[in-house]
Each structure stands twice: as structure tokens, then as C-alpha cells.
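Position chain B against the provided structure of chain A, taking the given hints into account.
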Amino acid sequence: MRFMSASAALLLALSVPGLSPARADDGAYVLTIKDHRFEPGELTVPVDKRVQLTIDNQDATAEEFESHDLRVEKVIAGHTKGTIWVGPLPAGEYKFFGEFHEDTAKGKLIAK
Amino acid sequence: MLGSALIVFREVLEAALIIAIVLGASRGVAGRGRWVSGGILAGVLGAMVVAAFAGAIAGAVQGRGQELLNAGILLAAVAMLAWHNVWMSAHGRQVAAQMKTVGHDVSVGAKPLSALALVTLFAVLREGSETALFLFSLSASGAGGNALLVGGLLGMAAGAGVGFVLYRGLLAIPIGRFFSVTGWLVLLLAAGLAANAAGYLNQAGLVPSLVRQVWDSGWLLQQDSWLGTLLHILIGYNDRPMGIQVTFYLATLVGIYGLMWLFGNGRSRASAPQRAT
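Line by line, the protein sequences are chains A and B. Going by my numbering, 92 is the number at position 92 of the first sequence; the sequence numbering is gapless. Going by my numbering, 190 is the number at position 190 of the second sequence; the sequence numbering is gapless.
So here's chain A without its partners, still in its complex pose:
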């Protein structure tokens, strides 16, 4: 039980400073999922900056946004949006895909 409350406290402590809204100078980008495809399929973001990425799933079905390159894994239910933070990224290409429809849902993030 002590461990439980300790980890709960840890979570709380970690979340409090982070809960302030993203600063205006943080880059915010949107990826749309439609018919199990990403739009745009290639998204360019600045290097060495923390980037906020919103994934707007316009399909009726859930998708799992996954990227090994970006170390991201997030389920996005149908007709909802999900937000993740990535970076700061060095210049390069970062592949991502939708795990539930891997044959069509593919794309990459380009940091430059």
C-alpha cells in the first residue's frame, strides 16, 4: 500500500508542473487520419524543438498511432483527437504508422 501511495504521489508531483498549457512558442502541428491514411503523409517540423502533435482521427474506428523512431504509442478512438509531445529532434526522418491499419496508414515526420 505504501508503494501505491508513493507512486501516486510521484505521478501527482510529476504532473503538476506539466499541467500548465503549452507555451505559445511551442510548435503545434496537426495530423489528420482519414480512410486509414495520414494527411499530410509527410510533416515537416523544426529541429531541436519540442513539438506538440495533434492527431485528428476523422474515421469512425480507433487507430493506434505508433512510431518506434519517435518512441510514441497512442490509441486514438474514432472521431477524437489525441495530443502527444515529441522531440527536441535532431535533423532526420522519423517514420510513424497506424498499427491497426498498417498497410495504408503510414507516414513520416521530417525534422529540418
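To be clear, the hints were calculated from the coordinates, so they are not data collected in a lab. Among the hints, a few may not be true.
[Said to hold, decoys possible] Per label pair, the in silico range of CB-to-CB distance:
| # | chain 1 | residue 1 | chain 2 | residue 2 | range |
| --- | --- | --- | --- | --- | --- |
| 1 | B | Val211 | A | Lys34 | 33 to 43 Å |
| 2 | B | Phe53 | A | Asp56 | 12 to 22 Å |
| 3 | A | Glu39 | B | Trp261 | 49 to 59 Å |
| 4 | B | Gly176 | A | Gly41 | 52 to 62 Å |
| 5 | A | Lys112 | B | Val211 | 19 to 29 Å |
| 6 | B | Gly33 | A | Ala91 | 47 to 57 Å |
[To be verified] Covered stretches of chain A (in silico footprint by chain B; criterion: 3 or more residues with CB under 8 Å from a CB of chain B, positions within the stretch not fixed):
| # | segment |
| --- | --- |
| 7 | 60-68 |
| 8 | 72-85 |
Ideal placement from N, C-alpha and C gives every residue a C-beta, glycine not left out.
Leaving out everything else, chain B in the frame of chain A:
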């Protein structure tokens, strides 16, 4: 059908391997079957609830709900595994000794079992909700119902099969060393789960990565290869870890080991004269 089988397999695999370790770690304890299956059942029910409210959960806490839930579940599982290992370091020798003398399961009280049942619940909850969402998403997009069902069941059976193989493999270890092996497995499993939790917290923008990439061992073993996946689940292998993940991993490893040493030491000194072998 094969596609759905493969994805379900990947999701089920993690839960199955964790359950195999839990069953190994609770070997010889009377009543563990009931506790572990209770954990699985509660996990399946919980997974359906989480899947049904996936949209609401994801939208909560400024879009960080899912990451916080995942990290919370993982860290709670880490705490339970830690507690189990600390308990075992104090009582494990007795359990093994009793098993040898009485030749059957021993009753050690419900406490360590409830912790392991919770670990089972958490594992099934996390993987199960993703599986449910995936299968639902496929059925909604008009994939054939039967093929989907068969694929899902195949994947589930294959995942459970691998878990069973691991469990049988564990049982082949002689009883004298058995609990020290499962103890190490639990310790590494817990450290890996903690590192995963750190990944989710970073994804939610709540903790910094510290170092974006501490090393890249992808040339040696890709994390998304089969062996890489297996090692990722079992010992938290990561081919390109962030600094925060390495920190969580090491802190968990050292923290639990320290507690085991502390409690195990005190206990063995106290019980040394009456040790039955």
C-alpha cells in the same frame, strides 16, 4: 485474418508472459490459481470498460489521460512486483523448504497472492483494452466477422501458448534455485515496466527525456524484431532508450534490490537457527 491474428498475438503476448512469470513466482502457494484467474477475469472486464471509454479517457487531463492511465497502471504493477519480491526475500526460503518437506503446495496467506493477482489484472487491462479497440475497429470497418473472430482467437491462443512455454521452462529449474531465478525475472520485469512508464510520461510532456537517445543498439538487435519484442517485455530491452527511461530502469532495479536486501538480511539472521532443510 492473419493480420488480425498477428496484432492480437502481439498484444496478448505481453500479458501472457507476465502471467507466466507471476505463476512461476507464486509456485507452490496454495490457492494461486484462483487469485491469478480472478486477476485475468477482472482484467478482461476492466479492459472492456477502458475500451468503451477510450475516447473520454484520452480527452481527459488535457489530452494526457491515456498516457497517465498507462503510466499509472505500469507503476502500480511495478509497486506490486516490488512488494512481492521483498516479501519473497523475507519468506521465500521458508516456502521452498516447506515445499520440499511436505511435497505439495503450502499456505502462506493471501497477501503476496493479492499483489500478484493485481499484477495480472494490470497486464490484462492494458493489453486487453488495446486488443478490444483493435478488434472493434476491424469489425466496424467491415472485415468479415468470422475471419476476424478466428484471427483474434488464433492470436490469443498463440500468445497464451508462448506464455505456457515460458512457464513450463521455468518449472524445469530445480526448486533450490527456483525462487532466486523468478526473483530476478520479477526484478527485471519491474524495471522494464518502469522504463515504459517513463516513456508514457515523456510522451505526455510531463517528464523531460534528459537524453534523447542514450545508445542505439538497433544494429545488434532491433526492438521490433521478435527477439527484441520478447526481451523488451521480459527485461525491458530498448534499442534506443531515452535518458529518463534508463534512469527509471536503474532506479527501480536498485530500489527493489535494496529493499530485498534489507528485508531478506534481517529475516535470514532472525530465522537462521530454525531453518528447516
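Next item on the list: Kindly indicate which numbered hints from before are broken by the structure, ordering the numbers from low to high.
Entry: none
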